[in-house]
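Residue numbers (the numbering used here), protein chains in the order written: chain A, 1 to 267; chain B, 1 to 267.
By construction, these hints were calculated from the structure, which means they are not laboratory data.
Heads up, the beta-carbon is just placed ideally off N, CA and C, and yes, glycines get one too.
There's no promise every hint is true.
Unchecked claim - Derived DEER-like restraints, expressed as beta-carbon distance ranges:
| id | chain 1 | residue 1 | chain 2 | residue 2 | range |
| --- | --- | --- | --- | --- | --- |
| 1 | B | Arg53 | A | Gly261 | 49 to 57 angstroms |
| 2 | B | Asp252 | A | Glu119 | 19 to 27 angstroms |
| 3 | B | Ala114 | A | Gly28 | 35 to 43 angstroms |
| 4 | A | Arg197 | B | Arg53 | 54 to 62 angstroms |
| 5 | B | Asp128 | A | Asp128 | 34 to 42 angstroms |
| 6 | B | Lys110 | A | Lys122 | 55 to 63 angstroms |
| 7 | A | Ala26 | B | Asp128 | 29 to 37 angstroms |
Claimed, not checked - Derived DSBU-like pairs (lysine-lysine); straight-line CA-CA distance at most 35 angstroms:
| id | chain 1 | residue 1 | chain 2 | residue 2 |
| --- | --- | --- | --- | --- |
| 8 | B | Lys112 | B | Lys227 |
| 9 | B | Lys68 | B | Lys112 |
| 10 | B | Lys68 | B | Lys122 |
| 11 | B | Lys122 | B | Lys112 |
| 12 | B | Lys122 | B | Lys110 |
| 13 | A | Lys227 | A | Lys124 |
| 14 | A | Lys234 | A | Lys110 |
| 15 | B | Lys227 | B | Lys23 |
| 16 | B | Lys122 | B | Lys23 |
| 17 | A | Lys234 | A | Lys68 |
| 18 | A | Lys68 | B | Lys122 |
| 19 | B | Lys227 | A | Lys112 |
| 20 | A | Lys23 | B | Lys234 |
| 21 | A | Lys23 | B | Lys122 |
| 22 | A | Lys23 | A | Lys112 |
| 23 | B | Lys23 | A | Lys110 |
| 24 | B | Lys227 | A | Lys23 |
| 25 | B | Lys110 | B | Lys227 |
| 26 | B | Lys124 | A | Lys68 |
| 27 | B | Lys110 | B | Lys182 |
| 28 | A | Lys68 | A | Lys124 |
Protein chains: 2
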Amino acid sequence: MLVVKIGGAEGIGIESVCSDVAKLVAAGEQVVVVHGGSALATQLGEDVGYPPRFVTSVSGHSSRYTDKRTLEIFLMATGLLNRQIVAELQRLGVNAAGMSGIDGKTLQAKRKGALRIVENGKRKILRDDYTGSIQTVDPTTLQALLDAGLTPVVAPIALSEAHDPLNVDGDRAAASIAGALKSQDLMILTNVPGLLRAFPDESSRIVNLPASELEDALENVAQGRMKRKVLAAKEALDGGVQRVILCDARVDAPISNGLAGNGTSIQ
Amino acid sequence: MLVVKIGGAEGIGIESVCSDVAKLVAAGEQVVVVHGGSALATQLGEDVGYPPRFVTSVSGHSSRYTDKRTLEIFLMATGLLNRQIVAELQRLGVNAAGMSGIDGKTLQAKRKGALRIVENGKRKILRDDYTGSIQTVDPTTLQALLDAGLTPVVAPIALSEAHDPLNVDGDRAAASIAGALKSQDLMILTNVPGLLRAFPDESSRIVNLPASELEDALENVAQGRMKRKVLAAKEALDGGVQRVILCDARVDAPISNGLAGNGTSIQ
Chain A
1 MLVVKIGGAE GIGIESVCSD VAKLVAAGEQ VVVVHGGSAL ATQLGEDVGY PPRFVTSVSG
61 HSSRYTDKRT LEIFLMATGL LNRQIVAELQ RLGVNAAGMS GIDGKTLQAK RKGALRIVEN
121 GKRKILRDDY TGSIQTVDPT TLQALLDAGL TPVVAPIALS EAHDPLNVDG DRAAASIAGA
181 LKSQDLMILT NVPGLLRAFP DESSRIVNLP ASELEDALEN VAQGRMKRKV LAAKEALDGG
241 VQRVILCDAR VDAPISNGLA GNGTSIQ
Chain B
1 MLVVKIGGAE GIGIESVCSD VAKLVAAGEQ VVVVHGGSAL ATQLGEDVGY PPRFVTSVSG
61 HSSRYTDKRT LEIFLMATGL LNRQIVAELQ RLGVNAAGMS GIDGKTLQAK RKGALRIVEN
121 GKRKILRDDY TGSIQTVDPT TLQALLDAGL TPVVAPIALS EAHDPLNVDG DRAAASIAGA
181 LKSQDLMILT NVPGLLRAFP DESSRIVNLP ASELEDALEN VAQGRMKRKV LAAKEALDGG
241 VQRVILCDAR VDAPISNGLA GNGTSIQ
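Construct the complete structure from the given sequences, taking the supplied hints into account.
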C-alpha cells in the first residue's frame, strides 16, 4: 500500500499525479490519496473579499489565521479540489471515493485554541482559530472504502473534541493515515526534488536518509515548509510505516519518479 | 431503512433535522441523508461576483444555468453544507460520513447538453450546461459505509458519461438512492406541510395518496417545485420503495412529525 500526499500549492497539476495513481491501481496496488487545498482557499478567500491573514507566532512561525469564515472558505475550497481529483481519477478508470477526516471520525484533533501572535511589535491572543493537531486516527471508514475496491481521496480536515471541523496540516494528516493503515510506503510530493542539504541547491539532494538521522535533519537541514514534511516523515516511521519518500511534484510522472529513487528515501 | 432528503432552501435549519436523525439512529434505524445546496450556491455565487443566472426553457420551465464556473460554485457550496451536516450529526453522537454521487460512481447521469432557452423573446441554445438526469445508481459505496455502521450524508452531484461532475436534482437523487438501497421509506422534506390540493392553502393537505393517483396528482395537483417532488416520489415507488412521505421541514422535529402522519403519505 502507498499513501501519497499531493500538494495544495499552485502550479501542481492534478492530471500527472492522477495518471500515476491510475497506473499503480491498475497494477493491483492499494493507494490512498491525501491532498491539501491552501492555494485554492487563498484564491477563494480573495474571490469572496476575505483574503487570508497570515500571522506570526511569538516563537516566530508564520501561519494562516483560520477564523470561522476562513474555515468555511477552507471547507469549500477543499470540497472542490477533492471532487476534481475524484472526477479526474474516475476519468482514468480508478473508482475513487472522496472523504475528509471528519467522516467516520477518521481524524480527531486537538484544537489549538489561543494563538499567541506578534503584530506591529505588540503581543496579541487570537482565540477563535480553527486549526488543530491530529491526536487519533480511526481507519474504519478508509478501510471500508478500500475493502469495497475503492481508492480513497482524503481532504485534510479533522474533527475537534467539540465536534467542529478543523483545518489540519495535510502532510501530517497523510503521515497519521499511513501509520493507522499500516501502509508500507508514504510519499510526500513537494515543489523541490527532495530534502536538500544546501537549500535551494537542487543538486544537494539527500538520496537516502536513515531514520536515525531524522532528528538531526529536522534541526539542521530542513528549512521552512520542509520542516513540517520531515516532521511528518518522522511521525509516519514512528507509526510503523516502513519507508517515507519526499519527492518532486513538478515532474511528468511524479510518483513513478519518486519510487524510482529520484527523491529522498527515509527508512 | 429511511432515506431522507433535506432541503437546500434558506431558513431550513439543519439542527432540528439532524437531531431527529440522531433519535432514529439511536433507535437502531439505518438512515441515509441526501441534501441540496441551491441556497448556499446562490449565496456563494453572489459572494464571488458570479450570481446565478436563471433561464427559461422553450417549454416554459425556469432553471439555474450551470456553466463551468457555476458548477465549481455548486461543488464548493455543497462541500461546505455536506461537512456542516456531518459535523452536526457527529456532535449528536451519529457516526456520519459525507460523500457525493461521484464517489464510487454512485450516481451516473446523462448530461443534458444543449439547453434551448428563450431570452428577451429570442430563442437561444446554451451548450456548456453541467446538469444531468440520473441514469444508474451503484449502491456499493453507500452499502460499504452502512455496513461499517456509518450514516451516509450525500450531496446531489453525479458523474457524466465523460466523467464530469454534474449538478443533479436532490429530490430525484434521493429517490434513486432509496430505490437502489431497497429502502422501505423515502421522506422528502419541503417548506409546505405536504402535497396541497389547493396550493397555497395549507389546510388542503392530502394525507394519503394511493400510488395509482400519482400520475393525476402530477398533472393536476402539484405546482412549481412540488412537481419535481411528486415525480421523485413516483420514481422511488417505481424503484421498489414502499412508502414516500412529503412533509414539512419547518417544524421542530420534522422527521418524527412526518412519520406520525403529518404529511402526505404515498404508497
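Now the hints, each set against the structure:
1. Our hint of 49 to 57 angstroms for Arg53 (chain B) and Gly261 (chain A) holds, since their Cβ atoms are close to 52 angstroms apart.
2. About 45 angstroms separates the C-beta atoms of Asp252 (chain B) and Glu119 (chain A), a value inconsistent with the hinted range of 19 to 27 angstroms.
3. Under the hint 35 to 43 angstroms, the C-beta atoms of Ala114 (chain B) and Gly28 (chain A), about 42 angstroms apart, fit the expected range.
4. Between Arg197 (chain A) and Arg53 (chain B) the beta carbons are some 55 angstroms apart, a value that agrees with the proposed interval 54 to 62 angstroms.
5. Evaluation of the 34 to 42 angstroms hint for Asp128 (chain B) and Asp128 (chain A) yields a pass: the beta carbon distance comes to about 40 angstroms.
6. Evaluation of the 55 to 63 angstroms hint for Lys110 (chain B) and Lys122 (chain A) yields a pass: the beta carbon distance comes to about 60 angstroms.
7. At about 32 angstroms, the beta-carbon gap between Ala26 (chain A) and Asp128 (chain B) stays in the expected band of 29 to 37 angstroms.
8. This hinted pair checks out: Lys112 (chain B) and Lys227 (chain B) have alpha carbons roughly 19 angstroms apart, not beyond 35 angstroms.
9. Among the hinted pairs, Lys68 (chain B) with Lys112 (chain B) is consistent with the structure: their alpha-carbon atoms are about 14 angstroms apart, no more than 35 angstroms.
10. Between Lys68 (chain B) and Lys122 (chain B), the direct Cα distance comes to roughly 24 angstroms. Compliance with the 35 angstroms bound is thereby established for this hinted pair.
11. With a CA separation close to 21 angstroms, the supplied pair Lys122 (chain B) and Lys112 (chain B) stays within the 35 angstroms bound.
12. Distance hint between Lys122 (chain B) and Lys110 (chain B) is fulfilled; the C-alpha atoms sit about 27 angstroms from each other, no more than 35 angstroms.
13. The suggested pairing of Lys227 (chain A) with Lys124 (chain A) holds, with an alpha-carbon distance near 26 angstroms, which does not exceed 35 angstroms.
14. The straight-line distance between the Cα atoms of Lys234 (chain A) and Lys110 (chain A) is roughly 20 angstroms, inside the 35 angstroms bound, and the hint therefore holds.
15. In summary, the hint linking Lys227 (chain B) to Lys23 (chain B) is supported, as the alpha carbons are separated by about 30 angstroms, within the 35 angstroms threshold.
16. About 53 angstroms separates the Cα atoms of Lys122 (chain B) and Lys23 (chain B), which puts this hinted pair outside 35 angstroms; it is violated.
17. A distance of roughly 31 angstroms separates the Cα atoms of Lys234 (chain A) and Lys68 (chain A); the hinted pair therefore holds under the 35 angstroms criterion.
18. Simply put, Lys68 (chain A) and Lys122 (chain B) have alpha-carbon atoms about 45 angstroms apart, too far for the 35 angstroms limit, and the pair is violated.
19. Proposed proximity of Lys227 (chain B) and Lys112 (chain A) is contradicted: the alpha carbons are some 49 angstroms apart, above 35 angstroms.
20. Annotation: proposed proximity of Lys23 (chain A) to Lys234 (chain B) is violated, straight-line Cα distance about 43 angstroms (limit 35 angstroms).
21. Our distance criterion of 35 angstroms between C-alpha atoms is broken by Lys23 (chain A) and Lys122 (chain B), whose separation comes to about 50 angstroms.
22. For the suggested pair Lys23 (chain A) and Lys112 (chain A), the alpha carbons sit about 39 angstroms apart, so the restraint of at most 35 angstroms is broken.
23. A hinted pair counts as satisfied when its Cα atoms are at most 35 angstroms apart, and Lys23 (chain B) with Lys110 (chain A) qualifies at roughly 28 angstroms.
24. Distance check on the hinted pair: Lys227 (chain B) and Lys23 (chain A) sit about 46 angstroms apart at the alpha-carbon level, beyond 35 angstroms; violated.
25. Annotation: proposed proximity of Lys110 (chain B) to Lys227 (chain B) holds, straight-line Cα distance about 21 angstroms (limit 35 angstroms).
26. This hinted pair does not check out: Lys124 (chain B) and Lys68 (chain A) have alpha carbons roughly 42 angstroms apart, beyond 35 angstroms.
27. Of the supplied pair hints, the one linking Lys110 (chain B) and Lys182 (chain B) holds, its CA atoms being roughly 23 angstroms apart against a limit of 35 angstroms.
28. Taken as a hint, the Lys68 (chain A) and Lys124 (chain A) pair is honoured in the structure, with Cα atoms around 18 angstroms apart against an allowance of 35 angstroms.
In this structure, the hints that do not hold are numbers 2, 16, 18, 19, 20, 21, 22, 24 and 26, in rising order.
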